[in-house]
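One-letter residues, chain by chain:
There are 2 protein chains.
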Amino acid sequence: MQVRDVLVSAPGKAILHGEHAVVHGKVALAVSLNLRSYLCLKATTGGNLCVNLPNIDTFLSWDLRDELKLLDPDLVRRLREFVGVTNGNLNTSQMATLSFLYLYLSVFGSGELPSLTVSVWSELPTGAGLGSSAAYSVCLAAALLCASGAISSPLNDWDHTARWCQEELELINSWAFQGEMIIHGNPSGVDNAVGTWGGMLRFLAGKIIPLSRVPLLRILLTNTKVPRSTKVLVSRVKDKINKFPSIMAPVLDSVDAISCTCEKVLSEMTSEPITGEHYNALEELFDINQHHLNVMGVGHPALDTLCRVTLAKGLHSKLTGAGGGGCGITLLRPETSSAVVQATVQDLKDCGFDCWETSIGGPGVQQHAPCFLQFSFCPVGGDRVALKDDEESRV
Amino acid sequence: MQVRDVLVSAPGKAILHGEHAVVHGKVALAVSLNLRSYLCLKATTGGNLCVNLPNIDTFLSWDLRDELKLLDPDLVRRLREFVGVTNGNLNTSQMATLSFLYLYLSVFGSGELPSLTVSVWSELPTGAGLGSSAAYSVCLAAALLCASGAISSPLNDWDHTARWCQEELELINSWAFQGEMIIHGNPSGVDNAVGTWGGMLRFLAGKIIPLSRVPLLRILLTNTKVPRSTKVLVSRVKDKINKFPSIMAPVLDSVDAISCTCEKVLSEMTSEPITGEHYNALEELFDINQHHLNVMGVGHPALDTLCRVTLAKGLHSKLTGAGGGGCGITLLRPETSSAVVQATVQDLKDCGFDCWETSIGGPGVQQHAPCFLQFSFCPVGGDRVALKDDEESRV
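For the protein sequence lines, the chains are A and B, in the order given.
For the first sequence, the UniProt record's numbering puts the final residue at 395, and the numbers step up evenly by one.
For the second sequence, the UniProt record's numbering puts the final residue at 395, and the numbers step up evenly by one.
So that you can see chain A by itself, here it is in the shape it has in the complex:
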């Protein structure tokens, strides 16, 4: 089967407001994070299926005539056996491989399996709650569907970057959700939706509603690198609500109101001239929610440090995601000078944190012209990640 070469990217996600409260039936706002995962799919002729995942040090190759014909594309159980784990937890590399094989076989399994090499690299740290697995699944779904011809290739000759139509995005999203199912078992669907549509999503009681228009906001994303367990943190919040119901219920209501107020402010920023007052409000909402998250017991001294260090530069931060360490976001104002940004990044790095200047609210999955690769980069590990063998020379 002849397949189309494809280069795609999908963004990570951050929770702007409503983490934890969403577990208790409140609104959360998820936004695309312009640290992206990139996938390059190349048709090959050697009769091999190759997958290169440099971020997680995974480089695999299978003989299509030999190894892969043992597989029944419908049976995830047999895929698990193939990857080498019959039960228990898979490691990141095994899950990524399983997810790839599942989507590959689902898209191409009815015909002759095509010989191709897929390389994926990411600006996103893995396991930091930033939707890196969803960005991976979205890239895989988009690239495989596009390569197979199941969806169009929206890129015109004169474009560097293009997006799919709503209908095709729906298809990408549903397949990406399948990939997330394999990796996470029971995903909320928020991460792959953000990776697919980008911008901002309102998430309430399992319902995901993409917001029509949101401004692009400059931020710093900081990874405190303090490890934590989302499960433990979620149950800590639950315990606190059970212990002090009359105190904690209003806090969740207040977080709900923060999400709704933030949505309103962001919507105003797209319909009227943006003023300092809009940014003041966004900063205040950050501060209030950060205090509420501390009340819920999901703060951490490293996050306090992040808030203090950035506030010393006049910038406002909050944790994003599960808390208890992990990542925080810092809002940058349009007038925040690059000198201030650089000094803040340096201060945060001096605390032992990783820190990226990026944006939220940007586009979801995109197709790129091959030349785009020359401008993309991968900051993980400090350098651009080398692609394996022949990919390296072609880009």
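Think of the hints as simulated: they come from the structure by calculation, not from any bench.
Virtual Cβ for every residue (Gly too), placed ideally from N, Cα, C.
Careful, some of the hints might be misleading.
To give a feel for the contact side, a few chain A residues facing chain B, derived at Cβ under 10 Å [claimed, not checked]:
| no. | residue |
| --- | --- |
| 1 | SER235 |
| 2 | ARG236 |
| 3 | PHE244 |
| 4 | ASP256 |
| 5 | HIS300 |
| 6 | ALA302 |
| 7 | ASP304 |
With chain A held as given, fit chain B onto it using these hints.
Coordinates of chain B only, in the frame set by chain A:
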């Protein structure tokens, strides 16, 4: 007129929970703070009325036959003129003098004015929101009423310390409130009630309800010495509520629930064996309320430092009173060792703060035997404050 020599003391007050929220119709808990003001009243024979207030560097003496007969005890307006201010703000010394003269003339004005010397000194910093003026007014009311015979002298020969009966406390409190009226114009009545009854008071919508039984809790009281205006802070909270009503209203509800939960925990501590769980709950309530006060915008970096420094020693703190600087309280557990307490006090002093180890929930106004003076001390200024002339030799 022959008057009785009297030595009395009254405690300061701290807000345990509900500061600011009380302005918006929520419950606040006020507690007695065992930093006390002491008043020594001595009958003299020289025909002079002397007042010594070493804490505020005020030492005055009037000739009873000359100067004071110009005064009409019913007219505060004329008292103001006498003190030298017809309108505008009085300074601390002027207000204390005015309040003293008002109470003195009210108690003794119907007969011959007695010759006496009143000396008042305090362990409380002034102007720190710790009820030092109320402790002063309560001491004045108790001592003058007792000296005049309007209330009993409850002290038996074998007691070091005694309290008045409920009815006489009511009288002391109502006169102390008059003194507070002169000093503050429109006081809430909470401070003089705490100074009179001690223990803990529930304060809601202008109604003050003394709680029947509360445990004595060890605390550190820290004065960050950051100056602030209560008026500015109260209006800052109001502005924030107006700006984000749906976010702030639940925060006030949560503070209300904190006060009620705290009251419940403290009541349990007097009716069942005290456990670590009781202290854990009190600590959690401190932490949650401190975050809420930050949400209201009345935090301050110095208060953050206080919380961080004490938490490093495993101790939990919150601001008390208006915030924006001012004072904070740190809960000490029964098992907190004196080494930890001393180290914490030193760390706080190293931050430039004043710090006292004391307790909350102790008794209100008390009469003391003269020998009690030997054991009392006044930490203000670091040394025991010297009393003026003949008082010094008699104590």
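Going down the list of hints, with the structure as the test:
no. : hint   : in the structure
1   : SER235 : violated (16 Å)
2   : ARG236 : violated (12 Å)
3   : PHE244 : holds (6 Å)
4   : ASP256 : holds (8 Å)
5   : HIS300 : violated (12 Å)
6   : ALA302 : violated (13 Å)
7   : ASP304 : holds (8 Å)
Figure legend: structure checked against the earlier numbered hints; hints not met, in rising order: 1, 2, 5 and 6.
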